[in-house]
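Hey, can you work out the whole structure from these sequences and the hints?
Protein chains in written order, with our numbering: chain A, 22 to 134; chain B, 209 to 323.
A portion of the hints provided could be inaccurate.
[Claimed, not checked] Heads up, simulated EDC-like pairs for lysine to aspartate or glutamate below, C-alpha to C-alpha not over 16 Å straight-line:
{"hint": "1", "chain 1": "B", "residue 1": "K252", "chain 2": "A", "residue 2": "E24"}
{"hint": "2", "chain 1": "A", "residue 1": "K126", "chain 2": "B", "residue 2": "E248"}
{"hint": "3", "chain 1": "A", "residue 1": "K126", "chain 2": "B", "residue 2": "E249"}
{"hint": "4", "chain 1": "A", "residue 1": "K126", "chain 2": "A", "residue 2": "E38"}
{"hint": "5", "chain 1": "A", "residue 1": "K63", "chain 2": "B", "residue 2": "E248"}
[Claimed, not checked] Under 10 Å between C-beta atoms, here's a sample of chain A residues computed to sit facing chain B:
{"hint": "6", "residue": "S49"}
{"hint": "7", "residue": "N53"}
{"hint": "8", "residue": "F57"}
{"hint": "9", "residue": "L65"}
These are computed hints drawn from the structure, not numbers from a lab. Each residue gets a CB set at the ideal place from its N, CA and C atoms; glycine is no exception.
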Amino acid sequence: KQEVTQIPAALSVPEGENLVLNCSFTDSAIYNLQWFRQDPGKGLTSLLLIQSSQREQTSGRLNASLDKSSGRSTLYIAASQPGDSATYLCAVNLGSGYSTLTFGKGTMLLVSP
Amino acid sequence: NAGVMQNPRHLVRRRGQEARLRCSPMKGHSHVYWYRQLPEEGLKFMVYLQKENIIDESGMPKERFSAEFPKEGPSILRIQQVVRGDSAAYFCASSPPSGRTYEQYFGPGTRLTVT
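Shown next as structure tokens:
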């Protein structure tokens, strides 16, 4: 059974810091991995999707890496801003694309001005 | 192009009543997924549907819960005889019928409170 773990559970940093969020999964036979952002009381916003054949994806100040063999992904946020404060969720897709997502419990990020 | 739409956004039901949650996928998407987020827990898969078919319901509780995605209209998640433990945020996601990434796009969720 696939399990997804995110560390740390919560993180508080001052504005401007670069930071790394970690995600690990137990079954390395994944199809893809998605990072999401969830604001309090809101839905999920997809940030980055990495296919199993890819090593990393970048979007603006965000960079996600994937090491499938070791079951790890990291989300790097450069020059953090207060608007980055949210819960970040990692999810893996095991099947041939149309299977379901298995989520971690998330990392709650607070960026203070 | 509107995103995934869910309604109602908030729903309050008394114990024993029925709850109906609706999800309209993104235009052109024919795959719908329902997830539940219980307080202090991560999102858990419930059911995956295509038009008029349930593909995977391995995450659905065996009793009181049902889902459909008719040929016309939104997908419906139905909870009969709700109990306090059903209080949660229910999210719907959709994905397109073809494509390389199979990315799932999420709606804003329906927050169900059972009193």
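Checked hints:
no.	hint	verdict
1	B/K252 with A/E24	11 Å, holds
2	A/K126 with B/E248	8 Å, holds
3	A/K126 with B/E249	6 Å, holds
4	A/K126 with A/E38	23 Å, violated
5	A/K63 with B/E248	15 Å, holds
6	S49	18 Å, violated
7	N53	7 Å, holds
8	F57	7 Å, holds
9	L65	4 Å, holds
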